[in-house]
Amino acid sequence: MAYYDGLFNVLGLRTWCDANAGDSNLSMASLLAKTKPGTADDGPLFPFPSMDELHQACSSMPQSRDFTASVEAGFLEVKDVLKLVLDPLTQPLSWLLEMALTGFVSAPWWIIIPLLLLLVWYVTRSAAVTVFVTLSFVFLGFIDHLDAAFQTLAIIGVCTGICILIGVPVGIAMAKSNTFQKALIPLLDLLQTLPTFVYLIPLIFLFSVTEPKLYGIAIIVYAIVPVIRLTDLGIRLVDRDVIEAANAFGMSPRQKLFGVELPLALPNIMAGVNQTIMMSLAMVVIASLVSAPGLGVLVLRGIRNLELGVGLIAGLGIVLLAIILDRVSKAAIARVSSDQTEA
Amino acid sequence: MKTITKKARHLGLAASTGLALSFAAGSAQASDCGEVSITEMDWGSAIIVTQVAKFLLEQGYGCTVQVVPSASTPALASVSETGEPDIITEVWTNSAPAYIPLKEDGKIKELTEVLSDGGVEGLFIPEYLAEAHPELTTIAGVLANPDLVGNRMHNCPVGWTCQVVASQLAVAGGFEAAGVEDFVHGSGETLAASIGSAYSSQEPWFGYYWSPSTVLGKYPMVQVELGAHDPSVHSCNADKECPNPTLQSWPSSVVTTVVTDTFEASHPAETDLMRNLSFSNKMMNGLLGWQDANKATGEEAAVYFLSSQSDVWATWINDAARENLAALLQ
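Chains B and C, in that order, are what the protein sequence lines are. Every letter in the first sequence is one number past the one before it in the numbering used here, and letter 100, counting from 1, is 100. Every letter in the second sequence is one number past the one before it in the numbering used here, and letter 184, counting from 1, is 184.
Simulated from the structure, these hints should not be mistaken for lab results. Just so you know, not all the hints are guaranteed correct.
Okay, the calculated bits of chain C under chain B, using three or more residues with CB under 8 angstroms as the criterion [to be verified]: (1) 147-159; (2) 193-200; (3) 288-299; (4) 303-313.
Only part of the chain C face toward chain B is listed, based on derived beta-carbon distances under 7 angstroms [what the hints assert, rightly or not]: (5) Ala77; (6) Ala98; (7) Thr190.
Far from chain B by the CB rule (all over 12 angstroms, computed), these chain C residues [to be verified]: (8) Ser37; (9) Met41; (10) Pro69; (11) Gly106; (12) Gly118; (13) Gly122; (14) His133; (15) Gly227; (16) His229; (17) Ser249; (18) Pro268; (19) Ser278; (20) Asn281.
Since this is a predicted model, take the numbers as computed values, not measurements. All residues carry an ideal CB built from backbone N, CA and C; glycine is no exception.
Model the full structure from these sequences, guided by the hints.
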């Protein structure tokens, strides 16, 4: 006697319901009732009319598991079409990641490290930061974590580059259109909070798990959100009076964007870039769960083998990379800001 | 107003005393066994084992069972440091390097092989591939036709013992030179998903998996013959640094139930139940197959086993429990 029996009787659906009687599996509650007849727990006083609850009263009602199974079946149906569309779009990501990884790993350290240090000096013009970066690389090399660190750096570099390339234009578009912003904000919320494995496992059905684009997509989808949000914010925060003055000068929208809005929004945009880099590094271990090489693999090895030291040191290596990238991007921001105040 | 409040207060007092007495009465029945904590690992056979054990302990022995979702390594670590949980189910000893030192220390007691035939580990290909190309059922055939298996061996994630063994087998058999790449997955989930993905598109697949498992129950696979197992050379295969591994099959994996030494001393009857609780591979694969065919949960598979195979589990429990479960044993 299920709770909602009466409901189906009143609606005249009893014959339809009983057509599939005996189809469902015996539940634990029924087994307990058989074991201790008479002392069976009748359940809550007023159960919520959920799919499973209604199914108990009427066997023809689908159960909740049929709902999840239909979502899975739907995905498997559209899988081939999705693959046809998404594969070419994401192939460049695979190539870039493969090129970066081969480049960083095959080049000898006495070429890569000086090149990186030159790049740091060029971007920051700060002796303190360059010395810090040198010491960090020396330390990582000394404890045999240099290859893993370079692999992680390559992946983060490519993914952050793509995030900025796609994120800044999208942020600008959001800033220019209120409807677009309203439409995009829920999507950005989704990208930041949807558990990564939930969409990664279906993606394995689309692309092979051996393709770098899988972890590339994982990182980009999560890390692109700050740069979009902060670009949108930065441009919207540009002083109204300055915009009015630009209009008074007769600037076209394109001139306004590149000459006024972007330069003034640059501190916010750079803050967004900084946050994107940080969030990419936060995704390193999850990326390793889908076969990304680098420090994440060492962290996972440490966790699985209960080698606490391995996990801790690799984790600290990731923190070190984060500090390096943070200091470098902050020094670059400071240079850009000081250039602006000088002008 | 005042009289109503007084009456309400009296009623409240009576009600709470009644509740307290009933709680006392209820717990007096369960105080023989008390609270027992048992792990539930997240793969198919482990869920069935835990749910069956939970039902028998609660309904037969009057325990209050706390199910702890866990995995092998953290559960063993927890037991060695804190002595909790009391019962660890389905420890695949081949995959848990922490197991042997803990057993030697005496902190954990190995009760029985819960999968009595042991787990089967090896390299598998999908059934449709074996039917289309029967030569791929031996490793020589695979190495001679690397394109037919997708030029790749799907290896276990770093940190699993099987990864070391499979990589050593790849070295011993010259897989890379033959055109079969040793691809180490990032996690068990991607390994399982790659099988699902290959099956849904009927694509080639070749790599490591184990039985009994939900994946192999759902996607029939055929084992690739690697040659007879020689225990004396297996220790070299299981060592990453060993320079000369041999191409051979895995030993049958011992899968055990483990209890803490304090639990064994304080709960002898329940320990006996866990000692007797054991499934053959045929039984477990049958349950997993039933579970997939009927879209059932692990709990429902346990219910199916308890209600349809009472002759099996009746031999596991003691006389007192048999009395409690008389209604099911008819």
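For each hint, the structure was consulted:
1. Remark: the region 147-159 of chain C is confirmed as covered by chain B, as 4 of its residues place a Cβ nearer than 8 angstroms to a Cβ of that chain, reaching the required three.
2. With 5 residues bearing a CB less than 8 angstroms from a CB of chain B, the region 193-200 of chain C meets the requirement of three and the coverage assertion stands.
3. For a cut-off of 8 angstroms, the count of residues in the region 288-299 of chain C with a CB near a CB of chain B stands at 5, and the three-residue condition holds.
4. With 4 residues bearing a CB less than 8 angstroms from a CB of chain B, the region 303-313 of chain C meets the requirement of three and the coverage assertion stands.
5. Nearest Cβ of chain B to the Cβ of alanine 77 of chain C: about 6 angstroms, under the 7 angstroms cut. The hint holds.
6. Annotation: alanine 98 of chain C was flagged as interfacial toward chain B, and the flag holds, the nearest CB pair being 6 angstroms apart, inside 7 angstroms.
7. Of the supplied interface hints, the one on threonine 190 of chain C holds, with its beta-carbon coming within about 5 angstroms of a beta-carbon of chain B, less than 7 angstroms.
8. Consistency note on serine 37 of chain C: stated as away from chain B, and its beta-carbon is indeed over 12 angstroms from all of that chain's, at 19 angstroms minimum.
9. Under the 12 angstroms C-beta cut-off, the non-interface status given to methionine 41 of chain C relative to chain B holds; the minimum distance is some 14 angstroms.
10. The claim that proline 69 of chain C is not at the interface with chain B holds, since no C-beta of that chain comes within 12 angstroms of its own (minimum 16 angstroms).
11. At roughly 19 angstroms from the closest C-beta of chain B, the C-beta of glycine 106 of chain C stays outside 12 angstroms, upholding its exclusion from the interface.
12. With a minimum CB-CB distance of about 22 angstroms to chain B, glycine 118 of chain C clears the 12 angstroms threshold, and the non-interface call stands.
13. No Cβ of chain B comes within 12 angstroms of the Cβ of glycine 122 of chain C; the nearest lies about 21 angstroms off, and the non-interface call holds.
14. Distance check for histidine 133 of chain C against chain B: the nearest CB is about 20 angstroms away, which clears 12 angstroms, and the non-interface claim stands.
15. A cut-off of 12 angstroms between C-beta atoms confirms that glycine 227 of chain C is not in contact with chain B; the least separation is 27 angstroms.
16. Against the 12 angstroms criterion, histidine 229 of chain C stays outside the reach of chain B, whose nearest CB is about 25 angstroms from its own CB.
17. For serine 249 of chain C, the requirement that its beta carbon stay farther than 12 angstroms from each beta carbon of chain B is met, with the minimum near 24 angstroms.
18. Every Cβ of chain B is farther than 12 angstroms from the Cβ of proline 268 of chain C; the closest lies at roughly 24 angstroms, confirming the non-interface assignment.
19. The claim that serine 278 of chain C lies off the interface holds: its Cβ sits roughly 21 angstroms from the closest Cβ of chain B, which is beyond the 12 angstroms cut-off.
20. Non-interface call for asparagine 281 of chain C relative to chain B: holds, since the shortest CB-CB distance, roughly 23 angstroms, exceeds 12 angstroms.
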